[in-house]
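Please model the complete structure; the sequences and the hints are all you need to start from.
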Amino acid sequence: MGSLIKTLNPASSFEQFLVQNGFLSAQALADLESMQKQGGQQLNDLILSRKLLDEEELAKAKAAFYNIPYADLRKNILTVEVLALIPQESMNFYNIAPFELKDRVLKVAITDPSNLAALEALEFLGQKQNLQVQLYLASATSIDTAMGKKKNLKRVVGQALEDIEKKEAASLQTVATAVKEKEAKPEVIEEAPIIKIVDVILSNAIEASASDIHIEPSEKDVRVRYRVDGILHTSLMLPKSVHAAIVTRIKILTNLKIDESRLPQDGRFHAEAGKKSVDLRVSVLPLIYGEKVVMRILDKSTKAPSLEDLGLRGLNLQWVQDNIKKIHGIFLITGPTGSGKSTTLYSILSILNTTSVNIVTLEDPVEYFIPGVNQSQINPEIGLTFATGLRSILRQDPNVVMVGEIRDKETAELAVHAALTGHLVFSTLHTNNSIGAMPRMIDMGIEPFLLSASVNVVAAQRLIRKICPHCKEQILLTPAFEQEIKKELAGVPEVYLEGIDKNKLESFKGAGCEKCAKTGYLGRMGIFEVLPVTTEIQDLVLSRAPGYKIYEAASKMGMITLKQDGILKAVRGETSMEEIIRATTE
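Counting from 1, position 62 in the sequence shown corresponds to residue 147 in the numbering used here; the numbering is continuous, with no gaps.
Note that these hints are calculated values from the structure, not bench results. Heads up, some of the hints might be wrong.
To be verified - Below, a list of computed lysine to aspartate or glutamate pairs in the DMTMM-like style, where the Cα atoms sit at most 25 Å apart:
(1) Lys411 x Glu448
(2) Lys361 x Asp394
(3) Lys145 x Asp157
(4) Lys305 x Glu357
So this is what it looks like as structure tokens:
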């Protein structure tokens with residue numbers, strides 16, 4: 086037998102190993118074996134269905150049992166060069182995935198190391214290419230996710246483009262007609278190269294956890310970009326010849342007019358990739374070189390994060406928690422488009438969502454679906470705006486009202502009226518910081534005495550990228566950064582500085598690895614500026630005091646700015662100073 090097989094030398098049965106090493110109790114194993122005899126199910130399936138271990142925990146146990154390393158590929162980006170070392174058929178048949186090649190050592194993940202045929206195939210492939218194969222154990226979901234992420238974007242698209250070249254008559258108009266008239270020609274629809282290209286663009290974006298897809302025409306080609314963690318990355322370059330067909334395919338999915346290319350159009354459609362179910366909000370805009378398409382990905386399966394997960398800490402967290410317990414008043418969240426305001430509101434609504442509370446929302450669009458919350462969506466084309474919808478909501482006997490955005494005087498007046506008549510109102514506003522919210526509402530025409538009586542708290546926020554935990558490393562602070570940090574932290578209350586030594590400041594960055602696509606960042610969180618509207622703040626609003634006066638009073642209460650909150654997170658190693666400067670520079 087080959088060297089791969091010799092390394093696998095289990096000392097006992099897997100069942101005994103699970104008990105001996107504390108993964109399962111003896112009683113749990115006895116119960117499982119009894120159920121196995123009765124129903125004929127596999128032990129692994131029973132363990133997962135009974136939630137005694139999750140799939141990754143079970144994979145780790147198997148790795149320890151077989152004495153090989155465990156690998157989690159769920160966030161790995163598999164390169165075309167590495168994937169090309171093993172035939173696609175072999176990867177599918179044996180459920181294996183090559184994920185790294187370094188110094189002639191090929192790392193391969195496998196789900197079942199007891200499959201001798203798979204091991205022999207890997208031995209043969211390694212010898213044939215003069216490579217040493219190093220075996221890792223991964224869960225089936227881990228491998229499926231990694232392979233699905235790449236299902237080789239460039240390879241699949243390349244094959245589709247070749248098909249288009251071979252079939253010069255591969256006009257999408259035929260496909261569009263077939264789809265619209267629902268002709269019984271599924272083979273035409275499913276095999277069309279353009280449809281393959283659109284499908285792989287969508288599936289790769291969804292698997293990569295992108296928030297937006299941009300399809301941008303230029304004079305000679307078409308650029309496809311994904312926005313991941315708030316930053317756009319070029320994913321694909323396509324020939325200009327396929328642009329019109331791709332746009333037409335997306336219009337068909339979205340039910341837009343395929344013969345209208347002079348006016349902007351908006352729509353929405355549903356898609357699925359693996360276990361993810363998403364809605365895509367589509368915007369088509371005519372440019373000088375053709376129509377640009379932007380698709381916002383709304384993951385219906387995503388659960389709202391907790392306040393702590395969002396990044397609220399210290400007094401910021403305490404003030405938010407205190408004010409969502411009130412029975413009436415307005416809770417405003419401010420910030421630019423894409424700063425995470427809606428996510429914060431959903432997190433708060435999830436906390437308030439109990440059987441004794443009637444929550445009604447008016448959104449544009451509904452992004453998260455929360456069971457038990459009455460969610461409605463505006464439709465300006467038929468006259469359902471935030472203002473008209475809010476009037477109807479107030480006749481629905483609500484305890485809590487969420488209005489997606491206060492855009493005009495009418496909506497602002499209705500929100501204030503709802504707060505003053507015993508409702509807890511949540512909404513968003515476009516201002517750069519929390520201090521600017523009150524002057525903005527006054528500019529809309531709301532009287533200061535009504536504002537001071539109705540607004541409970543204002544929270545401003547931005548989104549920042551988190552340092553990748555897999556490649557995080559400490560770095561030396563430059564004198565300029567150190568001086569900037571000390572200057573900002575000088576005015577921060579001690580309650581925020583727990584665990585921070587001002588005389589020994591630390592800084593971190595992500596070196597870049599496969600799990601973060603070499604960016605050094607993985608995931609996002611918020612930085613916050615929370616302004617509780619106390620009696621002193623109310624008096625300042627009533628007197629139409631300038632913003633700096635409100636800021637001085639808020640600072641004395643312990644309010645910290647967006648930049649200060651960001652620097653605290655950078656010093657604690659959650660993000661980098663460069664990221665804070667990027668997010669807070671105005």
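Results for each hint:
Only pairs whose Cα atoms come within 25 Å are accepted, and Lys411 paired with Glu448 is accepted, the gap being roughly 22 Å. Of the pairs offered as hints, the one joining Lys361 and Asp394 holds, with about 22 Å between alpha carbons and a cut-off of 25 Å not exceeded. Of the supplied pair hints, the one linking Lys145 and Asp157 holds, its CA atoms being roughly 9 Å apart against a limit of 25 Å. Of the pairs offered as hints, the one joining Lys305 and Glu357 is violated, with about 32 Å between alpha carbons and a cut-off of 25 Å exceeded.
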